[in-house]
Amino acid sequence: MAEIAPTPSAAPEPNAMHARCLLLRDVTIAYGSRVVLAHVDADIPRSQVVSIVGPNGSGKSTLLKAIAGLIPLTGGEITLFDEPIARMRRHVAYVPQREDVDWSFPVSVRDVVMMGRYPRRGWLRRPTAEDAHIAEHAMERVGIAALARRQISELSGGQQRRTFIARALAQESDVILLDEPMTGIDAETHDRILELFDEWRDEGKVVLQATHTHIHGGSMIVLRRTVDPFAAEDFAHHAAEGGEHHEHHH
Amino acid sequence: MNIITEPLSDPAFLRALADVVAVAIVAGVIGTFIVLRGIGFLGDALAHAIFPGVVTAFLIGANLLLGALVAGLATAAIMGLLTANERVRDNTAIGVIFTAAFALGVVIITSHSLNSDELEGILFGDPLGAGAWDVALTLLIGGGVLALIVALWRLLVMASFDPAGARAMGLPVVALDVLLLGLTALTVVVAFKAVGNILVISLMITPAATARLFTDRLAPMAALAAALGASAGVAGIFIAYHVDTPAGGIIVLTSTAAFFTAWLLAPKHGIVAQGIARQRGTLLRSAPEAVAEVILASPEIRAPHQASS
Numbered sequence: 001m002a003e004i005a006p007t008p009s010a011a012p013e014p015n016a017m018h019a020r021c022l023l024l025r026d027v028t029i030a031y032g033s034r035v036v037l038a039h040v041d042a043d044i045p046r047s048q049v050v051s052i053v054g055p056n057g058s059g060k061s062t063l064l065k066a067i068a069g070l071i072p073l074t075g076g077e078i079t080l081f082d083e084p085i086a087r088m089r090r091h092v093a094y095v096p097q098r099e100d101v102d103w104s105f106p107v108s109v110r111d112v113v114m115m116g117r118y119p120r121r122g123w124l125r126r127p128t129a130e131d132a133h134i135a136e137h138a139m140e141r142v143g144i145a146a147l148a149r150r151q152i153s154e155l156s157g158g159q160q161r162r163t164f165i166a167r168a169l170a171q172e173s174d175v176i177l178l179d180e181p182m183t184g185i186d187a188e189t190h191d192r193i194l195e196l197f198d199e200w201r202d203e204g205k206v207v208l209q210a211t212h213t214h215i216h217g218g219s220m221i222v223l224r225r226t227v228d229p230f231a232a233e234d235f236a237h238h239a240a241e242g243g244e245h246h247e248h249h250h
Numbered sequence: 001m002n003i004i005t006e007p008l009s010d011p012a013f014l015r016a017l018a019d020v021v022a023v024a025i026v027a028g029v030i031g032t033f034i035v036l037r038g039i040g041f042l043g044d045a046l047a048h049a050i051f052p053g054v055v056t057a058f059l060i061g062a063n064l065l066l067g068a069l070v071a072g073l074a075t076a077a078i079m080g081l082l083t084a085n086e087r088v089r090d091n092t093a094i095g096v097i098f099t100a101a102f103a104l105g106v107v108i109i110t111s112h113s114l115n116s117d118e119l120e121g122i123l124f125g126d127p128l129g130a131g132a133w134d135v136a137l138t139l140l141i142g143g144g145v146l147a148l149i150v151a152l153w154r155l156l157v158m159a160s161f162d163p164a165g166a167r168a169m170g171l172p173v174v175a176l177d178v179l180l181l182g183l184t185a186l187t188v189v190v191a192f193k194a195v196g197n198i199l200v201i202s203l204m205i206t207p208a209a210t211a212r213l214f215t216d217r218l219a220p221m222a223a224l225a226a227a228l229g230a231s232a233g234v235a236g237i238f239i240a241y242h243v244d245t246p247a248g249g250i251i252v253l254t255s256t257a258a259f260f261t262a263w264l265l266a267p268k269h270g271i272v273a274q275g276i277a278r279q280r281g282t283l284l285r286s287a288p289e290a291v292a293e294v295i296l297a298s299p300e301i302r303a304p305h306q307a308s309s
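Chains A and B, in that order, give the protein sequences. The opening position of the first sequence corresponds to residue 1 in my numbering, with each subsequent residue numbered one higher. The opening position of the second sequence corresponds to residue 1 in my numbering, with each subsequent residue numbered one higher.
The set of hints was computed from the structure by calculation and includes no laboratory data. Don't be surprised by glycine CBs; every beta carbon is placed ideally from N, CA and C. There are no misleading hints in this set.
Pairwise CB distance ranges, derived in the manner of DEER restraints:
hint	chain 1	residue 1	chain 2	residue 2	range
1	B	L66	A	R25	49 to 57 Å
2	A	S33	B	G143	48 to 56 Å
3	B	H269	A	A86	38 to 46 Å
4	A	T183	B	L81	35 to 43 Å
5	B	G129	A	A86	49 to 57 Å
6	B	R217	A	D186	24 to 32 Å
7	B	G129	A	T183	53 to 61 Å
8	B	P220	A	A129	20 to 28 Å
9	A	R90	B	T92	35 to 43 Å
10	A	D186	B	L139	51 to 59 Å
11	B	V150	A	S104	20 to 28 Å
12	B	A175	A	P127	18 to 26 Å
13	A	R34	B	L82	18 to 26 Å
14	B	A273	A	A86	45 to 53 Å
Use the sequences and the hints to build the structure in full.
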C-alpha cells in the first residue's frame with residue numbers, strides 16, 4: 001500500500017508550520033453554575049501531538065469534548081484555521097471514550113470505518129468505490145483489515161479502539177481528538193497508537209489526547225485544580241523542544 | 001381449509017389483512033431503532049400521549065389520525081422544551097407529560113359518555129372495521145415513514161450507535177432523534193386501526209426484541225422484525241375473525257408468544273443455548289486476551305496454599 005499524502009486542507013492555505021491552526025482563547029466551560037474549566041488558552045500549530053493531562057475531574061475530557069463541539073462554551077472561543085470550529089466539523093475527527101459507545105450495537109467493523117467517510121462525501125450521498133478504498137486502507141493501517149466483516153461486539157478492547165482510530169483515519173481530518181485512547185487496550189495496540197502519533201505529526205496533523213499517561217517528548221496542556229475554578233497552563237513549546245516531563249509548576 | 005379461505009373472500013377481512021401487514025412492517029423496522037436505542041419507554045409514552053388527540057377528534061367528528069398527529073407533535077414539542085432544563089431528565093419529563101396526556105384523554109372520555117364499542121376500538125384497535133380510506137391512509141403514511149427510514153438508514157445507524165462521534169463529525173444528531181420520534185408518532189397513528197392505542201408499542205418493540213435474539217446484523221434484524229410482526233398480525237386477524245375477540249389483543253399475544261419462544265430457544269442468544277454453551281465452556285473467547293503469569297519475586301513470598309505447610 002502506498003503512503004498517503006498529508007491531507008490537503010480546505011481552509012485558506014496555511015503557511016507551512018507557522019500557520020495558525022487550532023486556537024483556544026480564554027475557553028471557559030460551566031455546567032449550570034458550576035465552572036469546570038476556566039481561561040484555557042492554547043495556540044497549537046500543525047504537526048503537534050498534545051497530551052491533555054491532569055488529575056481526575058480536572059476537565060480533560062470536557063476540554064476535548066468542547067473542541068469536538070459536544071459541549072457548548074460558556075466563554076471564550078475555539079478556532080481552526082481562523083474559522084469558528086463549529087464550521088470546521090469536517091476537519092475534526094473524534095475518538096470517543098470507551099464508555100460513550102454502545103458496543104452491543106449490531107454494526108460491522110467496516111460499517112464503523114465507513115462512517116468516517118460520510119461527512120466528506122455528503123451525508124446523503126452513497127459511498128463510492130473511492131470511499132471503500134480509503135476505508136480499506138485505514139483498516140490496513142491499524143491492522144484490522146482481516147476483521148472488516150466482524151461485528152464490533154465480538155472484538156477485544158484493543159480491536160475496538162483500532163476500529164475507531166481507523167474511522168478517524170478514514171475522515172482524513174486535520175485535527176484528531178482522542179479521549180483516553182490508551183485505556184483498556186493491549187500492549188500491541190498501545191504501541192501502534194504511539195507510532196500513529198508520530199505518523200500523524202509527520203503528516204502535519206494536530207493530535208490531542210486526554211490522558212493519564214503523557215507521551216514522552218510530546219506537548220502538554222496541564223490542567224490543574226486551583227482554589228476555584230480549575231485553570232490550565234499550556235506547556236506546548238517547553239515540552240516539544242525539551243522533551244522533558246514537567247510536573248505542574250506553582 | 002375453509003377456515004382460511006372463507007375470510008379471504010370477505011372484503012372487510014382483506015382490508016384488515018392489508019392494514020395489519022402494512023402496519024407491522026413499518027412498526028418492525030422503526031421498532032428496530034427504538035429497541036437498539038433503548039427508548040421503548042419513550043415510544044410507549046408517545047403512544048399514550050396521542051390518546052387525548054384521538055378522543056377529541058372522535059368527539060368533534062374529525063379524522064382520528066389527524067387528531068392523533070396533532071397531539072403527538074404537540075407533546076413531542078413540550079417534551080423538548082421541558083428537557084432543555086438540565087434538572088428535568090428525559091424519563092422524568094416523559095413520566096410527567098405523557099401520563100398527564102393520557103389522564104386528559106380519560107377525563108374527556110368519561111365526561112362525554114362514549115359507547116363501549118367505540119371506546120374499545122380506540123383503545124384496542126378494530127382492524128376488521130377498517131374502511132378503504134383507513135387502509136389507503138395507512139399505506140400512504142406507512143410507506144412514507146418506511147421510505148424515509150431507508151433513505152436515512154446510514155445516518156440513523158450512525159447517530160444511534162455513537163451519538164458523540166456523530167455529533168463531532170457534524171451530523172445533526174438531535175434533529176435525527178427528533179425525526180425518529182416523529183416517525184414513531186406517525187407509526188403509532190398509523191397503527192391505530194390495527195391494534196389501538198394501548199397495544200401499539202408492542203407491535204414496535206416485541207418483534208424487534210425477538211429479532212435481536214436471532215441476529216447480530218442490523219438489516220436482517222429489521223427485516224426479521226417486520227416479518228415477525230406481519231406474521232403475528234396475520235395470525236391475529238384470522239383468529240379474531242373466527243373467535244369474536246379484539247384482533248389487537250390476539251396480535252400482541254401472538255407476538256409475545258414468539259418473543260418468549262425465542263428468548264428460550266433462539267440458537268445463540270436463547271436461554272437454553274446459553275446454558276448449554278456455559279456448560280461446555282464455549283462462551284469464553286477462543287483466544288484469551290490475557291493469561292496470568294505469576295512471578296514470585298522472592299522465595300519468602302509464597303502462594304497462599306503453600307503458606308500453611
